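2 protein chains.
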Amino acid sequence: MIPEITTLPNGFTIASLAMPGVETAAVGLNANVGARHETAEQNGLAHLFEHMLFKGTASRTARRIAEEIEDVGGSLNAWTSRDMTVFHGRTLAADLPLAVDMIADLVNAPRFDADDLEREKAVVLSEIGEAFDTPDDLVFDLLQDRCYPEQAIGRPILGTPASLESLDCASLSHWRSSHYRAGNLVLAAAGRVDHDRLVRQAEALFGSIAVSTPSASEASRWVGGSIGEARKSEQMHLTLAYEGPHSRAPDYYAAQLFATALGGGMSSRLFQELREERGLAYSVSASHSPHSDSGILSLYAATRPKDAATALALARDVLAQTAATLSEAELRRAKAQLKAGLLMALEGCSGQSDWLGRSLLVFDRVVPAAEMIAEIDAATVESVRAAGAAMLTTAPAFAAVGPKADALSARAFA
Amino acid sequence: MIPEITTLPNGFTIASLAMPGVETAAVGLNANVGARHETAEQNGLAHLFEHMLFKGTASRTARRIAEEIEDVGGSLNAWTSRDMTVFHGRTLAADLPLAVDMIADLVNAPRFDADDLEREKAVVLSEIGEAFDTPDDLVFDLLQDRCYPEQAIGRPILGTPASLESLDCASLSHWRSSHYRAGNLVLAAAGRVDHDRLVRQAEALFGSIAVSTPSASEASRWVGGSIGEARKSEQMHLTLAYEGPHSRAPDYYAAQLFATALGGGMSSRLFQELREERGLAYSVSASHSPHSDSGILSLYAATRPKDAATALALARDVLAQTAATLSEAELRRAKAQLKAGLLMALEGCSGQSDWLGRSLLVFDRVVPAAEMIAEIDAATVESVRAAGAAMLTTAPAFAAVGPKADALSARAFA
Chain G
1 MIPEITTLPN GFTIASLAMP GVETAAVGLN ANVGARHETA EQNGLAHLFE HMLFKGTASR
61 TARRIAEEIE DVGGSLNAWT SRDMTVFHGR TLAADLPLAV DMIADLVNAP RFDADDLERE
121 KAVVLSEIGE AFDTPDDLVF DLLQDRCYPE QAIGRPILGT PASLESLDCA SLSHWRSSHY
181 RAGNLVLAAA GRVDHDRLVR QAEALFGSIA VSTPSASEAS RWVGGSIGEA RKSEQMHLTL
241 AYEGPHSRAP DYYAAQLFAT ALGGGMSSRL FQELREERGL AYSVSASHSP HSDSGILSLY
301 AATRPKDAAT ALALARDVLA QTAATLSEAE LRRAKAQLKA GLLMALEGCS GQSDWLGRSL
361 LVFDRVVPAA EMIAEIDAAT VESVRAAGAA MLTTAPAFAA VGPKADALSA RAFA
Chain Y
415 MIPEITTLPN GFTIASLAMP GVETAAVGLN ANVGARHETA EQNGLAHLFE HMLFKGTASR
475 TARRIAEEIE DVGGSLNAWT SRDMTVFHGR TLAADLPLAV DMIADLVNAP RFDADDLERE
535 KAVVLSEIGE AFDTPDDLVF DLLQDRCYPE QAIGRPILGT PASLESLDCA SLSHWRSSHY
595 RAGNLVLAAA GRVDHDRLVR QAEALFGSIA VSTPSASEAS RWVGGSIGEA RKSEQMHLTL
655 AYEGPHSRAP DYYAAQLFAT ALGGGMSSRL FQELREERGL AYSVSASHSP HSDSGILSLY
715 AATRPKDAAT ALALARDVLA QTAATLSEAE LRRAKAQLKA GLLMALEGCS GQSDWLGRSL
775 LVFDRVVPAA EMIAEIDAAT VESVRAAGAA MLTTAPAFAA VGPKADALSA RAFA
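Chains as they are written, first to last, in our numbering: chain G, 1 to 414; chain Y, 415 to 828.
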């Protein structure tokens with residue numbers, strides 16, 4: 001299975017992978033623009049824009065968009081991250097062209113109406129409220145702010161009630177004309193797909209959109225620090241982070257392996273020490289999430305409030321120990337986990353189409369699974385310990401939500 | 415792709431489906447026992463038992479269990495529902511026998527230690543705390559209690575701090591000997607799987623476990639009623655439920671189609687009326703969840719507290735309208751959604767192995783996708799309206815979590 005890739009004269013890229021044995025397909029339009037491309041005044045615009053594309057186009061009402069894709073049992077979905085925005089379609093194989101046509105229509109011919117915008121702001125305010133009510137969502141937003149304070153990449157993707165207020169239809173149109181340009185977009189499909197047919201369709205739909213260079217954003221600046229949101233809750237939800245390598249950094253996979261050995265599964269040190277040995281938490285994990293020019297090694301645990309300080313101290317100890325004493329056996333295991341996880345993710349249509357799109361936006365090419373596996377295999381105990389140690393030299397960020405979380409935060413690094 | 419099924423002399427069943435084009439496999443041991451088989455004193459035992467199987471066996475420590483499966487990049491996982499308990503393994507194809515061997519070891523030779531049990535109770539107390547902190551988890555537990563008050567099927571799967579206290583190692587051993595018997599268990603695998611090899615392995619591991627008839631549980635008795643948990647939160651999280659058909663009822667698919675048209679996607683009536691037309695909620699949906707002898711048609715929405723009464727009244731109106739006026743076009747769309755969703759779920763190894771196991775436990779055979787699709791296709795506007803109307807004649811259940819949710823609950827059916 002080798003993906004086929006075609007770039008149109010205007011720079012718009014199309015990728016697809018034909019997968020044997022499947023009757024369905026997935027497609028995504030991946031845009032190299034997200035919350036980190038916003039100014040402070042625009043906070044929430046990338047995500048609000050993504051919502052507003054579903055409110056209607058020159059030829060389709062919002063209801064028709066919903067009905068037309070669901071009439072064939074398909075679905076359209078979208079999500080906004082700090083770095084990217086993705087419009088995703090999932091259909092039976094025969095209906096893939098419909099999903100492509102509809103995604104193109106959303107992006108090429110949106111109809112921004114002021115009344116629709118006010119109603120959709122109310123929906124996003126509810127979404128913000130739900131995130132606020134979910135401590136393990138909220139705590140990661142607080143953490144992101146401590147990692148990158150007063151920067152676009154540190155602000156919440158959903159925006160705030162205050163920042164949403166000033167956004168209007170002109171903001172939406174300007175966002176589209178600035179960022180939804182050929183050089184910023186990749187259409188990627190996987191499943192039962194015919195590449196030539198997909199390219200012909202994409203040419204007709206995207207062949208004449210404006211050329212551009214990729215959207216730029218302010219370089220991230222890691223700061224660190226701590227914050228606590230006091231709340232009456234059963235558990236203390238706490239996170240700790242250090243700066244890690246970005247997506248294309250040479251030690252990216254070493255950092256991934258470190259995070260896996262630290263808290264990637266039930267054999268990981270954090271799971272064994274905090275949950276199995278001590279019974280301090282049900283949820284405890286670590287991961288490394290890359291941005292285009294920075295990365296976040298983060299730990300999460302939910303503990304009884306009275307155990308929070310103990311759990312935090314123990315987690316920091318485990319972190320330092322892992323960087324100092326990670327073993328050959330642990331590295332072998334982390335490699336097996338990352339490699340198998342990769343293969344499993346790429347077996348699904350959506351996993352494949354997401355990877356094709358992301359890889360083309362981040363690396364300007366589709367990195368083959370074999371190459372990623374070779375990079376994982378090349379890591380050594382020394383390189384992974386070094387990646388861990390390097391991350392631990394950065395300024396830590398801490399966030400907590402729970403009873404007296406403010407007090408816990410104040411002495412987090414005391 | 416036709417699944418192969420083998421039943422051992424003791425009644426233990428093995429099912430597998432070889433899927434082309436995949437390099438991995440999934441396997442589940444499905445046990446016909448869950449929280450609804452508990453007495454009031456045992457509440458939480460099915461789930462605690464599932465946790466405790468990971469604490470060690472005669473030949474493996476807890477750490478070795480974690481390390482051995484993750485050494486090959488695989489994972490073991492488990493979940494407990496009201497009706498079932500599933501132990502699930504996901505591996506590269508070559509490691510499937512290891513996952514099967516380990517799952518058998520967990521179930522056949524667990525080592526229950528009192529100290530481990532105390533630590534694991536602390537972990538489950540944290541899990542209960544996390545569920546309590548997550549309003550959209552809590553509200554469904556409250557709803558389940560109103561549907562089936564003072565019955566095992568209505569109690570929380572995790573148990574309560576009080577009910578966990580009395581559970582000891584003897585409770586765990588008794589649970590195992592009562593329920594983990596041949597007639598109660600199905601081993602199901604999908605992906606790159608060799609059925610004959612799987613059967614030989616299962617014979618060796620499960621061929622001598624005790625014969626039994628399936629575990630029985632108290633028949634469910636739908637009651638209805640309302641409850642509100644007052645909490646300081648941004649959104650009011652509210653649910654409404656009616657009794658629907660059980661898994662094997664003749665109008666099961668009619669109820670599924672009704673729930674889909676009502677709140678199964680973005681073209682559904684609830685999504686269009688509450689979110690698109692009125693901006694009252696971000697999350698709004700409906701679904702029908704079957705038990706073995708009852709079912710729950712439930713609606714969920716998270717709204718601004720001041721809009722909660724309006725949203726509830728509107729949702730009830732939409733419900734009644736859907737039962738009265740569901741159209742041919744809506745039915746066609748709901749059919750397409752259910753059928754495509756089914757095909758997509760069955761394309762993944764885990765989706766397939768889950769379905770094989772569940773189908774054998776619920777129907778005593780693997781119901782082919784074509785048969786389910788034929789049942790979906792056979793539904794008519796009349797049969798789906800009738801299924802909706804029948805559900806609406808049952809006593810409604812209501813639960814809410816949010817500011818003054820107690821007051822909202824008190825007048826929910828006023």
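These are calculated hints, taken from the structure and not from any lab test.
The model shown is predicted, which means the values in this text are computed figures rather than measured ones.
Note that the Cβ used here is the ideal one computed from N, Cα and C, for glycine as well.
Check each hint, because a few of them may be wrong.
Calculated pairs, DSSO-like style, for lysine-lysine (alpha carbon to alpha carbon, straight line, at most 30 angstroms) [what the hints assert, rightly or not]:
| no. | chain 1 | residue 1 | chain 2 | residue 2 |
| --- | --- | --- | --- | --- |
| 1 | Y | K720 | Y | K646 |
| 2 | G | K232 | G | K339 |
| 3 | G | K232 | Y | K753 |
| 4 | G | K306 | Y | K818 |
| 5 | G | K121 | Y | K535 |
| 6 | Y | K720 | G | K306 |
| 7 | Y | K720 | Y | K818 |
Label pairs and their computed distance ranges (CB to CB) [stated by the list, open to error]:
| no. | chain 1 | residue 1 | chain 2 | residue 2 | range |
| --- | --- | --- | --- | --- | --- |
| 8 | Y | P434 | G | R200 | 27 to 33 angstroms |
| 9 | Y | T420 | G | R200 | 45 to 51 angstroms |
| 10 | Y | A454 | G | A40 | 53 to 59 angstroms |
| 11 | Y | F777 | G | A93 | 27 to 33 angstroms |
| 12 | Y | Q735 | G | K404 | 44 to 50 angstroms |
| 13 | Y | R477 | G | P368 | 43 to 49 angstroms |
| 14 | G | D115 | Y | E579 | 52 to 58 angstroms |
| 15 | G | P368 | Y | E632 | 40 to 46 angstroms |
Hint by hint, here is what the structure shows:
no.	hint	verdict
1	Y:K720 to Y:K646	holds (13 angstroms)
2	G:K232 to G:K339	violated (41 angstroms)
3	G:K232 to Y:K753	violated (44 angstroms)
4	G:K306 to Y:K818	holds (29 angstroms)
5	G:K121 to Y:K535	violated (44 angstroms)
6	Y:K720 to G:K306	violated (35 angstroms)
7	Y:K720 to Y:K818	holds (10 angstroms)
8	Y:P434 to G:R200: 27 to 33 angstroms	holds (28 angstroms)
9	Y:T420 to G:R200: 45 to 51 angstroms	holds (49 angstroms)
10	Y:A454 to G:A40: 53 to 59 angstroms	holds (55 angstroms)
11	Y:F777 to G:A93: 27 to 33 angstroms	holds (29 angstroms)
12	Y:Q735 to G:K404: 44 to 50 angstroms	holds (49 angstroms)
13	Y:R477 to G:P368: 43 to 49 angstroms	violated (35 angstroms)
14	G:D115 to Y:E579: 52 to 58 angstroms	holds (56 angstroms)
15	G:P368 to Y:E632: 40 to 46 angstroms	violated (56 angstroms)
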